[in-house]
Amino acid sequence: MFSRKHTRKIYAVLIIAALAFPLISNNTYYITMLCLAFIYMIVAFGLNFITGMTGQVNLGTAGIFCIGAYTSALLTTKTFISPWLALLVVILFGFVIGIALGYPSLRLKGVYLSLTTIAFGEIVRQLVNNMTDFTGGAHGVRAIPPYCLFGFELNTKLRLYYFLLAVTIMFGLIAYRIIYSKWGRVFTAIRDNIDAVDTCGISSSKVKIIAFTLAAVFAAIAGGLYAHYSGYINPSTFTLNLSVSFVVMVMVGGSGTVLGSVLGAVLVSILPEMLRFLGNYYQIVFYILVFICTILIPNGIVNVFLERQKTKALPEKN
Amino acid sequence: MLKVNNISTYYGKVQALHNVSFEIKDEEIVSIIGANGAGKSTLMRSIMGLVQPKEGEIVFKDEEITNLKTNKIVERGIVYVPEGREVFPALSVEDNLEMGAFSKKYSQRILSNKIEEMYDIFPRLKERKKQLAGTLSGGEQQMLAIARGLMSSPELIMFDEPSLGLAPVIVDDMFEVIVSINRQQHIPIVLVEQNAFEALRISSRCYVLENGEVRMHGLSDELMKSPEVKSAYLGG
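Listed in order, the protein sequences are those of chains A and B.
Numbering of the first sequence is given in this note's numbering, commencing with residue 424 and proceeding in unit increments.
Numbering of the second sequence is given in this note's numbering, commencing with residue 5 and proceeding in unit increments.
These aren't lab readings, by the way, just hints derived from the structure by calculation.
It cannot be assumed that every hint is accurate.
What the hints assert, rightly or not - Within a straight-line C-alpha distance of at most 27 Å, the following computed DSS-like cross-link-like pairs (lysine-lysine) qualify:
1. B:K130 to A:K629
2. B:K17 to A:K605
3. A:K605 to B:K108
4. B:K29 to B:K65
5. B:K133 to A:K605
6. B:K229 to B:K133
7. A:K629 to B:K108
8. B:K58 to B:K76
9. A:K532 to B:K76
10. B:K108 to B:K130
11. A:K532 to B:K130
12. A:K605 to B:K109
Said to hold, decoys possible - Some residues of chain A that are not near chain B, with every Cβ distance over 10 Å (derived):
13. I438
14. F444
15. L508
16. T622
17. C623
18. S626
19. L701
20. Y710
Cβ coordinates follow ideal geometry from the N, Cα and C atoms, glycine included.
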């Protein structure tokens, strides 16, 4: 069993491994896959607050990710502003969506967030798909410029890899700080016993909105990074399926922990490659694995090894 | 201190409280007794804003709090320790205590002092401070729920069936703790109980609820002698 001290060592080993990986492997394909995994990690770090810790199922992350991606892509290709400036707009949008979608859906207890977020994700995708003049419709947006850092264009796989790694570490640190702050404790308390949160003098709906807004901001930023990583985006990426994958990352990897999101994001982005030999059976095998994991280890893989959650999974109230 | 004037509360179409009035003064222990479903918890929940009364008003320290949100009511100084030991099972004992002080924005030093104060009152909690609350015994969880309530330095505490499901020996300890909170910290206490004998014993005044109405109220000593209370709540 690992304590918090041990997990610090694990993070150190992981970061060193990630730094060394391109030196060992020249396979650009794996490097590209890992870049995507880094972007997914940032989404998972955010989603962990609302779904992993607070226990509110958010199935609209792909929609927020999509808005982040298109905002940055359209701003940089149509108005030619710097991707960095676009990133500020993306953060603002994430914040606004978080409040505007979270406020009406989270004041109620229950499954409402799942429903409103599913609807939101689909509305965004349909709009992007059909507002052809503005978004390029099904053809998507092409030739999205890369980020520039200290005069270097991040236009090679290797530069992109280290840039995304650095950004992911930064967001991982932010997420870690939040998880172990008093806010993190309140997030967990909501999943644990929402009525008691109110009797402690804390507005549970306000806390849920904060967790949801954090998730939205993280997802929007990751979407912006995705647009410039990919160079080309189209609406077919941002489906409900992607939203479900994000939830799988958080819950199967290990809810309530940064390490769980890291593991979940790597699994979900790499596993398809490892299971490729299964051909058309890939999807069914993947979901059978998800099924088994959920039943046997409802708190996720990482929490099996963490001291913190020695007790059995507690039935969710609410 | 707290005055409830003619409140009526409904769950959907079912009326749970009919024109209930009730009052507690400074430094008093007031008990509310009644059978299951008499409306005791509904009265507590109405005061705390966990359900909204349809009619009537609730006044705390001369200010109306009738339609305030629960967290605002806690901020004004009323703490509710709900029935069924509502702790946070997946948080440690210490984290549970800190949750109770969340709305107060204490400095780190005041917070640790406050926690130490709780450990003085409840030494068992100190022994178990790193343990998850879900692994505590029923009595310990109830003590934790009380301690968590005290963390925000309340001006009024309302206990909802604190003796429910506890072993008799622990029930005695519990009532002793409640009395000492009242005597030593001068906090007025509303005690909702099915254990009518204990409730009457430690309170100065008592209200008897029946079917959502106040059936009787008066000094606890006098109610203890009333034949009606005797036959209905004290087993003859």
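So, going through the hints one by one against the coordinates:
With a CA separation close to 31 Å, the supplied pair K130 (chain B) and K629 (chain A) exceeds the 27 Å bound. Among the hinted pairs, K17 (chain B) with K605 (chain A) is inconsistent with the structure: their alpha-carbon atoms are about 40 Å apart, more than 27 Å. Straight-line distance between C-alpha atoms of K605 (chain A) and K108 (chain B) comes to about 13 Å, which keeps the hinted pair within the 27 Å bound. Taking the CA atoms of K29 (chain B) and K65 (chain B), the gap is near 10 Å; set against the 27 Å cutoff, the hint holds.
For the proposed pair K133 (chain B) and K605 (chain A), the alpha carbon gap of about 17 Å is at most 27 Å, so the pair holds. Between K229 (chain B) and K133 (chain B), the direct Cα distance comes to roughly 44 Å. Violation of the 27 Å bound is thereby established for this hinted pair. Taken as a hint, the K629 (chain A) and K108 (chain B) pair is honoured in the structure, with Cα atoms around 16 Å apart against an allowance of 27 Å. The hinted pair formed by K58 (chain B) and K76 (chain B) meets the criterion: a straight-line CA distance of about 19 Å does not exceed 27 Å.
Between the alpha carbons of K532 (chain A) and K76 (chain B) the distance comes to roughly 19 Å, so the proposed pair stays at or under 27 Å and holds. The hinted pair formed by K108 (chain B) and K130 (chain B) meets the criterion: a straight-line CA distance of about 22 Å does not exceed 27 Å. A hinted pair counts as satisfied when its Cα atoms are at most 27 Å apart, and K532 (chain A) with K130 (chain B) does not qualify at roughly 34 Å. Taken as a hint, the K605 (chain A) and K109 (chain B) pair is honoured in the structure, with Cα atoms around 11 Å apart against an allowance of 27 Å.
Look at I438 (chain A): its CB is around 29 Å from the nearest CB on chain B, clear of 10 Å, so calling it non-interface holds up. Against the 10 Å criterion, F444 (chain A) stays outside the reach of chain B, whose nearest CB is about 36 Å from its own CB. With 10 Å as the threshold on Cβ separation, the claim that L508 (chain A) sits away from chain B holds: the shortest Cβ distance comes to roughly 36 Å. Distance to chain B contradicts T622 (chain A) as a non-interface residue, since its nearest Cβ pair spans about 5 Å, not more than 10 Å.
Remark: the non-interface label on C623 (chain A) conflicts with the geometry, its nearest Cβ contact in chain B lying 5 Å away (cut-off 10 Å). For S626 (chain A), the condition that its CB be more than 10 Å from all CB atoms of chain B is violated, with the nearest at approximately 4 Å. With a least beta-carbon separation of about 37 Å from chain B, L701 (chain A) lies farther than 10 Å from that chain, consistent with its non-interface assignment. Listed as outside the interface, Y710 (chain A) is consistent with that label: its C-beta sits roughly 28 Å from the nearest C-beta of chain B, beyond the 10 Å cut-off.
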